[in-house]
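K.L.:
Single-letter residue listing:
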Amino acid sequence: MPLGRWHAYGLTSSAVSAGSVTEAGAGASTMSAAAVVVDALVKRYPKSPVNAVDGISFTVAPGEVFGLLGPNGAGKTTTVGMLTTRVRPTSGRATVGGIDVAADPVHARGRLAVVPQRSNLDRSISIRRNLTFHAAYHGVPGAEAKARADELLEQFGLRERGDVKPDMFSGGQAQRVMIARALMHQPQVLFLDEPTTGLDPAARLFVWDRLRELRDRGVTLILTTHDMQEAATLADRVGIMDHGKLLSLGTPEALMRSLPGSSTLELTTDARDGDAGEPLLAELSALPDVERVELIHDPATGGQESTLRVRLYVAGEAPQLVAPAAALLARRGQALSGVELGEPTLEDVFIHLTGRTLR
Amino acid sequence: MSAAAASAPGRASQSRAFRAVLARDVFVTWSELPVFLAQVILQPLFLLLVFGKVLASLGYTQHGYAHLLFPGLLALTAVITGMQTLAFPLVIEFGWTKEIEDRLLAPMATGLVAAEKILFASVRAMIAAAIMIPVGVLVLGSVPWRWSGVPLLVLALILGSLLGSALGLALGTLVTPARINIVFSLVFTPLLFTGCSQYPWPSLSRLPWFKVVTACNPMTYVSESMRAALVPNVPHIAPWVCVVVLIGSIGALMAIGLRGFYRRAID
Chain A
1103 MPLGRWHAYG LTSSAVSAGS VTEAGAGAST MSAAAVVVDA LVKRYPKSPV
1153 NAVDGISFTV APGEVFGLLG PNGAGKTTTV GMLTTRVRPT SGRATVGGID
1203 VAADPVHARG RLAVVPQRSN LDRSISIRRN LTFHAAYHGV PGAEAKARAD
1253 ELLEQFGLRE RGDVKPDMFS GGQAQRVMIA RALMHQPQVL FLDEPTTGLD
1303 PAARLFVWDR LRELRDRGVT LILTTHDMQE AATLADRVGI MDHGKLLSLG
1353 TPEALMRSLP GSSTLELTTD ARDGDAGEPL LAELSALPDV ERVELIHDPA
1403 TGGQESTLRV RLYVAGEAPQ LVAPAAALLA RRGQALSGVE LGEPTLEDVF
1453 IHLTGRTLR
Chain B
2 MSAAAASAPG RASQSRAFRA VLARDVFVTW SELPVFLAQV ILQPLFLLLV
52 FGKVLASLGY TQHGYAHLLF PGLLALTAVI TGMQTLAFPL VIEFGWTKEI
102 EDRLLAPMAT GLVAAEKILF ASVRAMIAAA IMIPVGVLVL GSVPWRWSGV
152 PLLVLALILG SLLGSALGLA LGTLVTPARI NIVFSLVFTP LLFTGCSQYP
202 WPSLSRLPWF KVVTACNPMT YVSESMRAAL VPNVPHIAPW VCVVVLIGSI
252 GALMAIGLRG FYRRAID
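Taken in sequence, the protein lines are chains A and B. Quick note: the first sequence uses our numbering, first residue 1103, plus one each step. Quick note: the second sequence uses our numbering, first residue 2, plus one each step.
Since the hints were derived computationally from the structure, they do not count as laboratory data. We put the beta carbon where it would ideally sit given N, CA and C, even for glycine. Any given hint might turn out to be false.
[As the list claims (entries may be wrong)] List time: in silico BS3-like cross-link candidates among lysine-lysine, alpha-carbon distance up to 30 angstroms:
hint, chain 1, residue 1, chain 2, residue 2
1, A, K1149, B, K99
2, A, K1267, B, K99
3, A, K1347, B, K212
4, A, K1248, B, K99
5, B, K212, B, K99
[To be verified] Derived list of chain B stretches under chain A, where covered just means 3 residues or more per stretch with a C-beta under 8 angstroms from a C-beta of chain A:
hint, region
6, 17 to 27
7, 89 to 100
All chains, please: the whole structure from these sequences, using the hints.
P.N.:
Quick look at the structure:
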């Protein structure tokens, strides 16, 4: 079964995801209160034979973290460009904070903020002034802007560097400054284009932590990424884009569950003398929802294992098979020493939808 | 286009955003004041020194040439400063640093971001030209001055600064960073020497082809109206002709520049 890479979850971590489930349809019923509404949006650049964005629709609820996942050139950045008033839609309609971005871009700009992929900080002025001038553009009074800048610089670990000009900054630091700057006018919706592309792992985790804090404070986040781990970690819902079209939309869990026979359950148990495991495999494959069972050989022991590892490919939800499998082993008098749930990744979903890898 | 949708409170917030963007430019200029002064003063200062002082002292120029040159240098300073102030940063901001994006995302019409640039560059150009007056007194000992010519001088200063800014907006939005050097040398040097700042236009009758070339440079009309204001006894083009040509040129260059600005700002 060519399912690409697998991401293993422990038993406890599968429970965490249950809290963040929002069904795809939930946003549609609250259209008027939605943070972002995208309706049949199309962008065709002059002289281009194809649409860069080809009639996409989705709704983002207030406080939701929405990820647009897709390879480079899928149309994610153009979509965000239209939502942030920098790209004029060819047809269709989009609102941010209830304001039509094409009809009233000036008001829409007050409700949104953008963190671009590459630094666009003002190099002629210090970090602190980057924040306070941004606030001034948005009409935040001077004293309030100063207080907010101090608070944000502290929060983003930049307190000591406030008076430095941005050209001295690394990519990760510039990214932090740009997020802090975006928050200066307290936008309703924050757009982040590839927020951690090109950052080192520590900087990446720092940015992820800050984005989680924003989510907890109720800021609506829309991020584009070609990193499936980023999408799975941060986003409440993910839209998968390719060739300007929205191929699929749902919670990361729902998208991954949508792959047929792609969840797995790995069991580790003690081997009996002379038992190659065949009777056990036969009994396990008789359990409900099990599509296929295979024995995993550890190359280090050369086949003389004292333990057996068995992988079950499951049509439904793998966690629900843990209890029946454990009971079966107990009946056979074999001790269960390890359980591992395997979920398909968003990358597998992408491959399933397009037949290609993300990068 | 987008300004049309603005309500009354929208206009207030747009004007606030406009003033904040202007404040940013003033702040940056203020914090780089020596650079600004060197940039605007050095070139006309040396032209004044060599053509007005050195060559005159050596007897290579006629008596009175310095007074003919001075109004031309005021025109040159206004036009060139306006163009440089706007064009160079704009090319870099659009093509390389993308700094302008934060201002394009401010709650104001895109055209107002361009208007702020024009206003700021024009004011900077006028200040630069005004600084030339004490510099002229210092280098030449005295400069031609007629109080009755001041209204025309001010008008010529405003039009010259606007002309330079409009030219800068057009160039700044049309040129990519990769070609900035070649384009500026192709534009800058001819502009500098065909704008009648170093000679009066009517005196070119002995070089008819050059008379035509200079007539095509809008800076000529700034120089000529400056001379009409300060040294009216030197033959010059009628001021009303200059004003009409300048308003037409400014309008055409602004239209080209704004089109370019919208094209760069919004896809």
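K.L.:
Decide, hint by hint, whether the structure agrees.
P.N.:
Verification of the supplied hints:
no.: 1; hint: K1149/A with K99/B; result: holds, 25 angstroms
no.: 2; hint: K1267/A with K99/B; result: holds, 16 angstroms
no.: 3; hint: K1347/A with K212/B; result: violated, 61 angstroms
no.: 4; hint: K1248/A with K99/B; result: holds, 25 angstroms
no.: 5; hint: K212/B with K99/B; result: violated, 42 angstroms
no.: 6; hint: 17 to 27; result: holds (count 6)
no.: 7; hint: 89 to 100; result: holds (count 3)
Checked against the numbered hints given earlier, this structure breaks hints 3 and 5; the rest are met.
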